Each structure stands twice: as C-alpha cells, then as structure tokens.
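S.K.: With the hints in hand, could you dock these two chains into one complex?
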Amino acid sequence: MAGGNLDIQLIKGGKRNDGRVPNQLRDIKIEAGVLHRADGSAYIEWGGNKVLAAVYGPREAVPRHSQDPNRAVVKARYNMAAFSVDDRKRPGPDRRSQEISKVIGEAFENVILTEEFPRASVDVSMEVLEAEAGTRCAAMTAASVALADAGIPMRGMVAACAAGKINDTVVLDLGKEEDNFGQADLPVGLNIQTGEVVLLQMDGNLSPDQFDEALGMAIEGCRKIYELQRDALYRRYRRDESNGGRA
Amino acid sequence: MPQYVALSKITKEFTFALAAEGKRVDGRAFDQFRPITIKTRFVKKAEGSAEVHLGHTRVLCGVKLKPGVPYPDAPDAGTMTTSAEMNPLAAPDFEAGPPRPEAIELARVVDRGVRESGLIDFKKLCEKVGETVWTVFIDIHVLDYDGNLFDACSMAALAAVLTAKVPRVQYKIGDKDVPLPLTTTEPPISATVAKIGNSLMIDPNLDEDLVFDARLTVACDVEGNIRAMQKGGSGSFSVDEVRKIIKMGQSGSALIRAAIHEAVAKGEASVGAKPEA
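Protein sequences appear in the order of chains A and B. Taking my numbering, the leading residue of the first sequence gets 1, the next gets one more, and so forth. Taking my numbering, the leading residue of the second sequence gets 1, the next gets one more, and so forth.
One chain only, chain B, in its complex shape (with noise of 0.2 Å):
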C-alpha cells in the first residue's frame, strides 16, 4: 500500500526548492487558504451535517443524537463520541478497516475542538439526572483526500454541530425538536500549517502534506487566544517558528469563522475562488 502514496524524488525536490524560493507548488501565498465552501443540512437523515471542499479536499460530517446513559462522575450531562473514517474511495492508499492511527489522531483533536471549546451546553442535553442524557455522536467521512484533512475536518464538524437538532420526536422524549443547546461561546478555528525545508505554509496540499517536515494545527478563538494546538510529522520547530505559525493561524481563522457562520445561516458559503473541476 505505501507503494502508492510512493511521491517522486523530483517533486519532492520541486517542492522544496519552491519552497526556498518562496513560491508553492499551486502558486498560493504561504498564508492564503485553498477556496472553501461549506454546505449545511447536506444529509437529511442525520440530525446536523456539513460538507466541506478545501481545494479539492472533500469532507462529510454528520451529527447523530441518541438517548443514553450518562457517566457516573457526570450524572447531569450529556456526552459526545467523535470518529473519522479515511474511507477507500478517498485515496488510493487509503484501506478498508479498523481506523489507523491517521484516522484516529484526526478524530480525536477535532474532538477536542468542539468539546474543549464549551461550544454544546452539555448540562441542558440531560433528560433526568443519573438515568437519561443524550450522546452526541459526530462522524467524519473523508470523500475526497487533497491535503490538510485536520482543518477540512474541524470547519465540517464545528458547521455540522451548530446546525443540529435534538431528535426529541423520534424518540419520543418531547413532542418537538429542538436545536443542540450551545452556550453563546465563539468556538475556536483551526489552522493547519506545515513546515517544508525553512518555510512556513497554511493549508498544506496533497504535495505538501507528503513531503512536509512537520505541521503544527492552532486552534485559535475570536479574542486571539490559543485553544488547541496539535503537532505532527518527525521534524521540528523553533520557538520562533512556533510564534510565527499562531500568528498565522490567527489571521487565517477570521475567514474561515465567516464562513462557517455563513454557513451556517444560509445552507451554504463560498470563500476564495471555486476550484477548477
């Protein structure tokens, strides 16, 4: 499988000497997002969803309520479960099974995106003390792989939770939906930015999402403060760097906050040009 995701020397050598260069691979700035477009209430089964293109990324995100019981240090709030599925038709190196750590990395700080964010007013999703709480269940499906899944992710997660309904009807708790009780909070974006060679660059694409040294994903809220930070790949960062990246990331978060706000909104929203097919 490797054998596929196998990235020619001479690009990996292009990229990098772009890089040095201070020019990319698809000739963005190196603090300039992919074009975005969310859709919300894309899938009407599900109680809150959002698709996401980042270029030609592609993700799905759905949000399922259910009834269930709460845990024991916790008796009076609701919970919520985050996964991911880096399914086949996404790249070709992508299998079938249980999720790999990938898969399971990315599920997980999107998680805490959205939990650490204070964003769903868990108390209000409690039934009856001790007994009745409902369980948040958000599902990622990864449809299209083109790079920086952690961003394309989160805005799919953050736009799909504040779209959601508790599905009181269905389960014959109430006589009318709700919407997900969410505090007034702003919830904090994410920016992925990956180091290649000296260079810092937002939104990695495939290309540089294979060769990257290193990435490190801020989360940052509305006020500027860091919310969530993630790093990965085997390379690393100056504390320089460090500073330099949540200042990009704070920059880079405003649009996408419009975005998702839009979004959410109006059923859809466009930022930077549309991608070629």
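Isolated chain A (complex conformation) (with noise of 0.2 Å):
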C-alpha cells in the first residue's frame, strides 16, 4: 500500500474495474450452523473468500494459569489453508495470522458478556479456505455469527468491513487489485448495537477528510452485512410452523 501505484487504473467513470460503484460491497452469502461438532459455527462466501467460523465454550479454560478468576478469556485464532492463495502457504500460523488472531481476540472480548463465566474460556477458530481481500473481515463477521449460533451472550453483533482510497477515490469492501495498488486500507470492525467500533487498522495515506468519509462508508457497510448476518441467523433459527413449531 504506502501511497498506492497511482499509474494503474482502479477506477473510471465512477465504476471500479469490476464493475462496483465506489459504495457497493462485493457478493456477500453467510449460513449459519454449518458445522456438526462445534458449539456454533458459520460459513461466509464474500467476493471470492470463503471462510468456515466455528465457536467451541464456553468450557473451562486450559492450560489452568490461562483462566481468569474474574471472566472468560476470548481465544481466537485465524489461520489460513494452504492451498487459499496462488502460491501456497506454508501450513501453521505466522506473524500476520497471529496478529489478526489477536485483533479479533480482543475485538470479541468486547462484546462478549465475559464477566457471566469466569475461569472460561471461549473459542473462535477462523479458516480461510480461500483468500480474496479482506480475509480478516469476512473472518470476523463469520465468527460474530458463530458466536450467535453458539448461543454466547453478547452486548451485540460484530459486522466488519474495510473501506479504502484508490485511485484518490474512497470505496467501499477493496477487492483484490485494488487491495494490492490502492492507496489506503481500512478494515472497521462494528458492534452494530451500540455502534462501537472494536476493530480498527489502517495502512496507506488519507487525508482527515478522506478518513471520515472512508469511517463512515465502512460503517455504512458494516450496518448493511448485520441484515445479512441476521438473515442467516433467522434462516436457521426460524420456527416452522408447519413442522409443529420446531426450529
């Protein structure tokens, strides 16, 4: 990022190179409760990731010196297939997995109602089997639903998205040019309920006016993905009345 390639043409004519306008998300789809083993779990297809969330707890937290006598600790962990990318990855964590896992961490341990199970722990395992631009949003926003699914109570639902500058033009959800020769990348993690923002990054260069309209573009698309994710929580959870009212 730093700046951007300026010579490559991300946008014309008010139509970014695949066609979006400059506030326009990709195809997003999210199912919930996809998973047979774990205690919640979603899957989200957003553009071309594809990323499986799924909530284990909350359960006593091991090794014991991890446990909090006061609340539950937040374990997330973000990991990425080796085959999600062109050229493959080398299986295991690295340094950007790990602190992905740790933003998204903490980001949970907001909205989670912690205090509500001491010594606990719950945990969020995020896999990207295929990796587009934005993985860590998609990621998130499976894992919030996730966390729904598993039924953890929380002060709200997490939405994220990353909003952008390419080509001096703010935009909504970088695709993966534009990602790689944009100018700026914010990813903007929402706790839709209270309109708090949990998850906050930022590379490239805007100016102060650029970032309040590239804030506000994010957290308009945020608002737009919890209908979704709301919609796959109501899709699982619905009661069927011809099927005497069960879920």
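It cannot be assumed that every hint is accurate.
As the list claims (entries may be wrong) - Beta-carbon label-pair distances, calculated as ranges: (1) B:Glu95 / A:Arg96: 19 to 29 Å; (2) A:Glu31 / B:Gly27: 23 to 33 Å; (3) A:Ile8 / B:Gln170: 12 to 22 Å; (4) B:Asp121 / A:Glu99: 37 to 47 Å; (5) A:Asp27 / B:Val169: 20 to 30 Å; (6) A:Glu31 / B:Phe16: 36 to 46 Å.
Just so you know, the hints here were simulated from the structure itself, not pulled from any lab data. Values in this document were obtained by computation on a predicted structure and should not be read as measured data. Backbone N, C-alpha and C fix where the C-beta goes; we use that ideal spot for every residue, glycine too.
M.R.: And the structure:
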C-alpha cells in the first residue's frame, strides 16, 4: 500500500474495474450452523473469499494458568489454508495471522459478556479456505454469527468491513487488485447495537477528510452486512409452523 | 484437553453391547458406509480441490503445484508432499499448534495411498532434468470430525489430485496450463474397519472411533489386490479377522471408486442418503 500505485487505473467514470460503484460491497452469502461438532459455526462467501468459523465454549480454560478468576478469556485463531492463495502458503501461524488473531480476539472480548463465565474460555476458530482480499473482515463477520449460533451472550453483533482509497477516490470493500495497488485500506469492526468500533486498522495515506468519508462508508457497509448476518440466523432458527413449531 | 473427549462409560458399554448383538449406534449394517458426498473444484485458487462429507465428517483437500529442485536420486521426477491439519474448529479436543502424531499418521497414510498408487506420472512433472521439477503439495484440512478421517481424507486427496492442473502460466514455464499428468492406473481405495468387542464394522463413526479396540485401513485396487494397510489402536486382530476385513474393504471400495469418478467428471457426487442437518 503506502501511497499505492497511481499508474494503475482502478476506477473510471465512477465504476471500479469489477463494475462496482464506490460504496458497493462484493456479493456476500452467510450460512449459520454448518458444522456438526462445533457449539456454533458459520460459513461466509464474500467475493472470492470463503471462510469457515467455529466456536467452542464457554468451557473450562486450559491450561489452568490461562484462567481469569473474574471473567472468561476469548481465544481467537485466524488461520489460512495452504491452498487458499495463489502461491502455496506454509501451513501454520505466521506473524500476520497471529496479529490478526490477536486483534479479532480483543474485539470479541469487548462484546462477549465474559464476566458471566469466570475461569472459562470461549474459543473462536476461523479458517480461510480461499482468500481474495478482506479475509479478516470476512472471518470476523462469520465468527460473530458463529458466536450467536453457539448462544454466547454478547452486547451486540459485530460486523466488519473495510473501506479504502483507489486513484484518490474513497471506496468500500477493496477487491484484490484494489488492495494490492490502492492507496489506503481501513478495516473496521463495529458493534452494531452500540455503534462502538471494536476493530480498527489502517495503512496507506488518507487526509482527515478522506478518513472521515472512509470510516463513514465502512460503518454503512457494516450495517448492510449485519442485515445478512441477521438473515442467516433467522434462516437457521426461524420456527417452522408446519413442523410443529420446531426450529 | 482429553477432558473433552472423555466418552461416558455408558456410551462405551452401550456401543459394545450393541456390537455383540450385531447392531451399531446409528443403525447401519456392519458393512455399510455412511452417506458420502464429494464436491470437486471447491477452491478456485487451488490447482485441484475436493470437499468430502462422510456422514457428518467433513474434510477439504487442496492441491497446489510449485516449481522446485528435484531430489538428487531422482533428478528427472517431480516430488510430492502431503500434510493434514486437524483444525481446532473440527472437534473440541483438537488444538492449534504443530501437527500431533495423529495428524502425521493421517497425512502419511494418505500420502502413501496417492504416491504408491502410481496415479501421478512424476516423470512428466520434470521441466529440466536435475534443475526444475514440479512439487505437488497435498494439503488436507479436517473441518468437522465425526469419525473415520482416514477414508474421508483419502477420498478427498484422490478427487483433488484427479482434478488438478499444472499452473505453467503462473510460473511462466509455458503459455498454457495442462492437467496434472496421470497414468491410466485405477487408484486403490481405502476402507477402514473398526473392531469393537468381537465385531468388525466398516467406516466407524465418532462413538465407534473413540471406543474401538483396534482399526485396520485396507486399500484395494480395482482387481481386488491389496495395496496398502495401516493398523491402529492398542487392540489386536486374529488372522481370520484380517482376512475378513480385506473382504469388507474390497466390496466397500467399488461404491467409493464410482463416487470419486463421478465427482471428477461432474463436479459433485453423492452415494447413500444425505445426512440430516
């Protein structure tokens, strides 16, 4: 990123190279409750991204010294499959995925009612099966649905979405080319119910005005994504009257 | 961590008691696989991929190719490496971190199945003798563990390999991607049988996987010849039991072979009824 490459035309006549207008998200599909063993799970397809999230807990935190006598600990793990990217990635955590795991875990620590489960852990696992820009936002959005599916009490649902800048224009939800050659990337995680920002990162170059515009756009994006999260949970838990009222 | 896998004593006793009566916890016959669904070309970034549902067990295999240096003892042959990740999302007792012996055994058994089958034509994966050959990476992700990973992972690896291509354009080695060079060999198909008490049952589900005395994985080719075996668990088999397991494997593999071929040709195949959500 860092200034980006202005020689590469990423937006022309108000249309981006993939045909989107500046404040348009890629296509997103979310499904809740997709895994058999996990306490809660969700699958998201977001543009070319495919991410699976699973939640286990609250359960006794191990090893014991990781327990907090006053609240639950949230352990988040973001992991990319070796085959999820063009050049095979070596399996296992690298510095990037450890950083992403940390900031996502801290974001969920804010919304989960951890004080209700002393000495417990809530384990959130996010597996990127296919990656195409914006995996941390997709992973977080799916993880939030998985937490709700697991019945973990939360202050609100977290939706995440990035805004950025390409050819001096602020746009929502950077695609792969825009991520590689754009001028700024601003991933935002939002607690929808309270409006609080629980994840915020940025790299590139934005003027204060552009930052305001980008943040506003990302928040609007999060609110649209929340609708999809809610729909996914409705589809999973809506009572079917023709089936004796069972979910 | 083993605290979570602790299976109640009553489940164990129940599974054994049922087995003695010739029954299984999920009502299957001893020689019956759970429903199988195979989807190929699931991950577009991978050169080949397949997702397998075996009952509620779910695994995803991706194949990637990369130019590399050949081994000194085989300067004109491509190479391959297989890894399996038992991800923490797949079961409450799977932990992050370096692969454990279980994951390593799984990867090695799948690796042997593909390698020794002679399915991949490694000589045709040589671009320049002694300098550049293709390395085939087979990476398996366990997404949902509900028993019998050996067979699920073997099926996924075979289907992924059969749909793979060589990314010559990406690495500027040619102007066109070509299918992964394969021989005409029909690959051996693996079938795993668990021994519970004195009963032998194919495709153990989770409860059966957790309580069995021993298991035996047998890979049989299309002629019915035995091509690979792996015994696991601390129990033992009589020679007669081993013979019986081979017969079960031979008859069980036809169904799986057909499913893999259909999935490779059509993108998706299912055998048996779909599992309930």
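S.K.: Confirm or reject each hint.
M.R.: Hints and how they fare:
The hinted window of 19 to 29 Å between B:Glu95 and A:Arg96 holds, with their beta carbons roughly 21 Å apart. Between A:Glu31 and B:Gly27 the beta carbon distance is about 28 Å. The supplied range of 23 to 33 Å therefore holds. Separation of A:Ile8 from B:Gln170 is about 20 Å and conforms to the stated range, judged on CB atoms against 12 to 22 Å. Judged by the Cβ atoms, the range 37 to 47 Å given for B:Asp121 and A:Glu99 holds: they are separated by roughly 42 Å.
At about 27 Å, the beta-carbon gap between A:Asp27 and B:Val169 stays in the expected band of 20 to 30 Å. The given range of 36 to 46 Å is respected by A:Glu31 and B:Phe16, whose C-beta atoms sit roughly 38 Å from each other.
The structure is consistent with each of the numbered hints, conforming to all of them.
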